[in-house]
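Visitor: Listed below, chain by chain, are the residues.
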Amino acid sequence: MHCKDVQGQLKAFASSQVRVDTRQRIQAHLTECAACRTALGRIDPVAGVLADVQTPPIPPGFAARVMTAARRRRQAESGPTWDLLRWWQLTSAPMHLAAAAVLVIGLAAGWMMGWSAAPSTGQMAPAGQSDPLSTYQLDVLSEAPNGSLAGSYLTLVATTNEGGY
Amino acid sequence: MRSDEDLMLAVRDGDLDAFGQIVLRHQAEAWRVAYRFTGDAAEAEDLAQEAFLKVLDAAARYEPTATFRTFLFRILNRLCIDHARKKRPTVTDSLPLSIDNALSPSQQAAEAERDALIQGALNALAPDYRMVLVLRYIEGLSATEMADAMGRSTKAVERLLARAKTALEPRLKGLFES
Numbered sequence: 042m043h044c045k046d047v048q049g050q051l052k053a054f055a056s057s058q059v060r061v062d063t064r065q066r067i068q069a070h071l072t073e074c075a076a077c078r079t080a081l082g083r084i085d086p087v088a089g090v091l092a093d094v095q096t097p098p099i100p101p102g103f104a105a106r107v108m109t110a111a112r113r114r115r116q117a118e119s120g121p122t123w124d125l126l127r128w129w130q131l132t133s134a135p136m137h138l139a140a141a142a143v144l145v146i147g148l149a150a151g152w153m154m155g156w157s158a159a160p161s162t163g164q165m166a167p168a169g170q171s172d173p174l175s176t177y178q179l180d181v182l183s184e185a186p187n188g189s190l191a192g193s194y195l196t197l198v199a200t201t202n203e204g205g206y
Numbered sequence: 008m009r010s011d012e013d014l015m016l017a018v019r020d021g022d023l024d025a026f027g028q029i030v031l032r033h034q035a036e037a038w039r040v041a042y043r044f045t046g047d048a049a050e051a052e053d054l055a056q057e058a059f060l061k062v063l064d065a066a067a068r069y070e071p072t073a074t075f076r077t078f079l080f081r082i083l084n085r086l087c088i089d090h091a092r093k094k095r096p097t098v099t100d101s102l103p104l105s106i107d108n109a110l111s112p113s114q115q116a117a118e119a120e121r122d123a124l125i126q127g128a129l130n131a132l133a134p135d136y137r138m139v140l141v142l143r144y145i146e147g148l149s150a151t152e153m154a155d156a157m158g159r160s161t162k163a164v165e166r167l168l169a170r171a172k173t174a175l176e177p178r179l180k181g182l183f184e185s
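The listed protein sequences derive, respectively, from chains A and B. Take 42 as the starting number for the first sequence in our numbering and just add one per residue. Take 8 as the starting number for the second sequence in our numbering and just add one per residue.
The reader is advised that the hints may include incorrect statements.
Said to hold, decoys possible - Below, simulated DSSO-like cross-link-like pairs (lysine-lysine); rule was C-alpha separation at most 27 Å, straight line:
id	chain 1	residue 1	chain 2	residue 2
1	B	Lys-93	B	Lys-61
2	B	Lys-61	B	Lys-94
3	A	Lys-52	B	Lys-162
4	B	Lys-180	A	Lys-52
5	A	Lys-52	B	Lys-93
6	B	Lys-93	B	Lys-180
7	B	Lys-162	B	Lys-172
8	B	Lys-93	B	Lys-172
Unchecked claim - Simulated restraints, written as ranges between beta carbons of each label pair:
id	chain 1	residue 1	chain 2	residue 2	range
9	B	Ala-163	A	Arg-106	52 to 62 Å
10	B	Leu-60	A	Ser-56	50 to 60 Å
11	A	Pro-98	B	Ser-10	23 to 33 Å
12	B	Glu-70	A	Cys-44	12 to 22 Å
13	B	Leu-60	A	Trp-156	55 to 65 Å
14	A	Pro-100	B	Ala-131	19 to 29 Å
15	B	Asp-24	A	Gln-68	40 to 50 Å
16	A	Arg-115	B	Ala-131	20 to 30 Å
17	B	Asp-64	A	Ser-157	32 to 42 Å
If you're looking for bench data, these hints aren't it; they were derived computationally from the structure. All values reported here derive from a predicted model rather than from experimental measurement. Using N, Cα and C, we set each Cβ at its ideal position, and we do this for glycine too.
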């Protein structure tokens with residue numbers, strides 16, 4: 042910008058009544074032109090002194106640090122997440138083996154518990170001759186009166202169809 | 008190019024990349040305000056970073072009723088004033104200005120001394136005087152924009168600016184005469 046253009050706008054500049062882009066161009070001119078700074082100082086002494094004050098450059102990596110903090114904050118808000126694939130990629134082979142062993146042991150223990158909980162006779166009572174009290178170890182219901190819920194249940198369990206169920 | 012307001016609406020919807028663009032666009036002015044307010048590089052970086060994180064926190068409630076720039080300065084104003092109220096006097100860590108290779112070493116030294124004098128004069132003022140001067144003379148905000156950023160009426164901000172200038176002028180007298 043030429044001095045003539047700048048000096049015609051200094052009063053508006055001093056009272057911040059210029060557009061942002063115009064302000065930036067005038068500011069750039071003022072850092073180079075002592076005459077225009079002096080002219081501005083006559084309008085507003087403080088503006089004249091502060092017109093060419095230079096701020097040190099922003100520290101390098103500032104934006105990256107802000108984004109790191111922002112991602113951490115977002116993650117904290119959404120709660121802990123665990124990425125299985127990422128865990129697999131980051132851990133070593135011994136850890137993979139240990140995880141597989143824990144899985145196999147867990148499944149085996151579950152199967153063993155299920156097998157040992159199965160009925161000890163291994164066979165269904167012959168049709169029409171089932172004794173639910175002994176077959177299914179329902180001794181606790183032996184005193185159940187007829188017509189009661191427990192008694193009805195015993196009757197239901199004792200009844201078999203041709204399929205043995 | 009998307010406007011700041013459009014980017015903020017995207018941030019409101021969870022778009023962190025849009026937030027990254029906001030940071031890149033406005034990091035310089037956030038830094039300038041924080042640095043000129045505190046006169047200390049480390050404090051300025053903390054305040055500027057915290058201002059952007061507060062922008063992110065507030066994104067869920069963001070409505071484009073004012074420019075983003077004013078929204079950012081409103082947050083910065085609160086952070087800086089709160090910081091000044093809590094702060095104990097310490098030695099500040101100012102950064103060297105950018106080296107202007109067109110100047111001789113003695114000219115560069117004179118510039119650094121001038122800058123130190125200006126910053127010292129600002130640091131001696133009350134926090135709200137300092138902030139209104141930074142917003143007007145460093146960032147070029149209008150009275151309406153300053154009022155919005157500082158949470159005051161336009162008339163109140165104009166009176167505050169007048170008092171701030173009256174407090175600053177004796178401290179810069181040597182520079183006026185030169």
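Visitor: Hint by hint, say whether it matches the structure.
Guide: Okay, the hints, checked on the actual structure:
Distance restraint check for Lys-93/B and Lys-61/B: the Cα-Cα separation of roughly 19 Å lies within the 27 Å cut-off, and the hinted pair is therefore satisfied. With a C-alpha separation of about 20 Å, the suggested pairing of Lys-61/B with Lys-94/B holds against the 27 Å cut-off. For the hint pairing Lys-52/A with Lys-162/B, the CA-to-CA distance comes to about 19 Å; that is within 27 Å, so the pair holds. Distance restraint check for Lys-180/B and Lys-52/A: the Cα-Cα separation of roughly 21 Å lies within the 27 Å cut-off, and the hinted pair is therefore satisfied.
Only pairs whose Cα atoms come within 27 Å are accepted, and Lys-52/A paired with Lys-93/B is rejected, the gap being roughly 38 Å. The straight-line distance between the Cα atoms of Lys-93/B and Lys-180/B is roughly 30 Å, outside the 27 Å bound, and the hint therefore fails. Of the pairs offered as hints, the one joining Lys-162/B and Lys-172/B holds, with about 15 Å between alpha carbons and a cut-off of 27 Å not exceeded. The suggested pairing of Lys-93/B with Lys-172/B holds, with an alpha-carbon distance near 24 Å, which does not exceed 27 Å.
A hinted range of 52 to 62 Å for the beta carbons of Ala-163/B and Arg-106/A is inconsistent with their spacing of about 36 Å. Separation of Leu-60/B from Ser-56/A is about 34 Å and departs from the stated range, judged on CB atoms against 50 to 60 Å. Restraint check, Pro-98/A to Ser-10/B: a C-beta distance of roughly 26 Å satisfies the suggested window 23 to 33 Å. About 43 Å separates the C-beta atoms of Glu-70/B and Cys-44/A, a value inconsistent with the hinted range of 12 to 22 Å.
Range check, Leu-60/B to Trp-156/A: about 57 Å between beta-carbon atoms, so the 55 to 65 Å window is met. Evaluation of the 19 to 29 Å hint for Pro-100/A and Ala-131/B yields a pass: the beta carbon distance comes to about 25 Å. Taken as a hint, the range 40 to 50 Å is violated for the pair Asp-24/B and Gln-68/A, whose Cβ atoms sit roughly 31 Å apart. Taking the beta carbon of each, Arg-115/A and Ala-131/B are about 40 Å apart, not inside 20 to 30 Å as hinted.
Checked against the hint of 32 to 42 Å, the pair Asp-64/B and Ser-157/A fails, with Cβ atoms roughly 56 Å apart.
Consistency with the previously given hints fails for numbers 5, 6, 9, 10, 12, 15, 16, 17, ordered from lowest to highest.
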